[in-house]
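Read top to bottom, the protein sequences are chains A and R. Reading the first sequence from the start, the letters are residues 360 to 470 in our numbering. Reading the second sequence from the start, the letters are residues 802 to 914 in our numbering.
Honestly, the hints are just simulated from the structure, not real lab data. Here the structure is a predicted model, which means the values were calculated and not measured. Incorrect hints may have been included.
[Claimed, not checked] Cβ pair distances, simulated, as ranges:
1. A/Ser371 - R/Asn831: 35 to 45 Å
2. A/Tyr398 - R/Leu912: 15 to 25 Å
3. A/Lys401 - R/Glu860: 21 to 31 Å
4. A/Asn425 - R/Gly817: 47 to 57 Å
5. A/Asn453 - R/Asp839: 18 to 28 Å
6. A/Met467 - R/Asn831: 32 to 42 Å
7. A/Arg387 - R/Leu870: 30 to 40 Å
8. R/Gly817 - A/Ile377: 47 to 57 Å
Built from N, CA and C at the ideal position, the CB exists for glycine as well.
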Amino acid sequence: QKEVEQNSGPLSVPEGAIASLNCTYSDRGSQSFFWYRQYSGKSPELIMFIYSNGDKEDGRFTAQLNKASQYVSLLIRDSQPSDSATYLCAVTDNAGNMLTFGGGTRLMVKP
Amino acid sequence: NAGVTQTPKFQVLKTGQSMTLQCAQDMNHNSMYWYRQDPGMGLRLIYYSASEGTTDKGEVPNGYNVSRLNKREFSLRLESAAPSQTSVYFCASTLTGGKETQYFGPGTRLLVL
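This is chain R alone, in the form it adopts within the complex (with noise of 0.2 Å):
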C-alpha cells in the first residue's frame, strides 16, 4: 500500500498561473482533506470531502476549489495563484472523519512568485 500520495512534490509558478495538486489514497478511507502549512506554523484545513460526492469548506478556502474526482482522488485547485498561496500542502485521509487518525501524503511544496 502506497497510502496517502501527492503529486507534485515541488512546484513554482507565476502570480496569476492556475495549476492543480492530486491527491490519492489507496485505503479504502472515505474522507479526504487539503490542509496549507505555512513556516512555524500548525496546519489550517482549506476543504474537505466527508465522503464521495461531497465537499465542504474549511478555515482558509479563500483562492482554492476541489474535486472529490472519487472515493480514491481528491484534487486541490488555484486558478490564479498568488503570493500568500506560496505554502506547503498536505492531503490527509480517514476512514470515516475527522473523530479518528489521519494519514498525511508527503506534502507539495508550493511557490509563487
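Looking at chain A on its own, in the form it has when it is part of the complex (with noise of 0.2 Å):
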C-alpha cells in the first residue's frame, strides 16, 4: 500500500509569518509531486508540482522535494487570511497513471 502522510493540523500561524506544511511518501518510483488548495466545500486546485530534488519558486510559494528522504514540503511566505484551507499533497505511482493524496493539513491564517 502506497502512503502519503501528512500531518493533520490545524497549523495556526499568524497573518504575515511563513507557513510550513509537511508530507512524506512511501513509494521511491515516485516521480511527480503536487501540492493542491481545497477550501471548505470546494473541489481542490493545484498550487504548484515539482518532480526535481531542490526547491521551487512561485510567488508566495516555495515547494521543496528531497527524494532521498522521501520528503516533500511547501513554504507559503507572508501567509494572508485566504491561505486559510487544507492543503494536499499528493504523488503519482511509478508509471505515472496515478495520484495518491495524503489526508491533508489543515491550514488557519490568523489576522
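Two chains, two frames, a set of hints: combine them into the complex.
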C-alpha cells in the first residue's frame, strides 16, 4: 500500500508569517509531486508541482523536494487569511498513471 | 469552457438503491478519474480511465462500476448503495496522464441512509 502522510493540523500561523507544510511518501519510485489547495466545500485546485530535487518557487509559494528522504514540503511566505484552507499533498506512482493523496493539512491564518 | 462538470450536485439514496454519477469534460483530455473524499480525509481513487475505451481499478473500487462513454464522459455507478458509500465524489481529468495537473469537477455529495 503506497502511502502519503501529512499532519492533519490545524496549523495556525499569524498573518504575514511563513507557513510550512510537510509531506512524506513511501513509494521510492514516485516521480511527480503536487500540492493542491482545497477550501471548505470546494474541489481541490493545483498550487504547485515539482519533479526534481531542490526548491521551486512561484510567487509566495515554494515547494521543496528531497527524494532521498522521501519528503516534500510547501512554504507559504507572507501568509494571508485567504490562504486558510486544507492543503493536500499528492504523489504519482512509478508508471505515472495514478495520484495518491495525503489526508491534508488544515492551515489557519489569523489576522 | 465549463471545464469538468458533474451531476447531480447532491443525492440522497436508501440502502440498496442504485444510481449513476455523471462526469463530463470539455478540455479534450484523454484521462479521467473518480475519487471519493470522506470527512477529514484526502481523496482516494476509485477508478480511472487512461484513455477512451480503457478503465482500471484504483485504491477503493469495490461496490462501484464505471463506463467511459466517449472521450468527454466518464460515469460512476453504484449498483446497490451502502451507508459506507456516503461521501463526496470528485471527477477529475488530465490531458495525458497522472503526471500532469488534474482538473477537478465541483463534486457530488452522496448520502446513503
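Structure-based check of each hint:
A C-beta distance of roughly 41 Å is found between A/Ser371 and R/Asn831, which places it inside the suggested range of 35 to 45 Å. Hint check: A/Tyr398 to R/Leu912, Cβ distance near 21 Å, so the stated range 15 to 25 Å holds. Judged by the Cβ atoms, the range 21 to 31 Å given for A/Lys401 and R/Glu860 holds: they are separated by roughly 23 Å. Taking the beta carbon of each, A/Asn425 and R/Gly817 are about 49 Å apart, inside 47 to 57 Å as hinted.
The hinted window of 18 to 28 Å between A/Asn453 and R/Asp839 holds, with their beta carbons roughly 26 Å apart. As the Cβ distance of A/Met467 to R/Asn831 is approximately 38 Å, the hint placing it in 32 to 42 Å holds. Against the hinted window of 30 to 40 Å, the Cβ-Cβ separation of A/Arg387 and R/Leu870 comes to about 37 Å, which satisfies the hint. Between R/Gly817 and A/Ile377 the beta carbon distance is about 51 Å. The supplied range of 47 to 57 Å therefore holds.
Checked against the numbered hints above, the structure breaks none of them.
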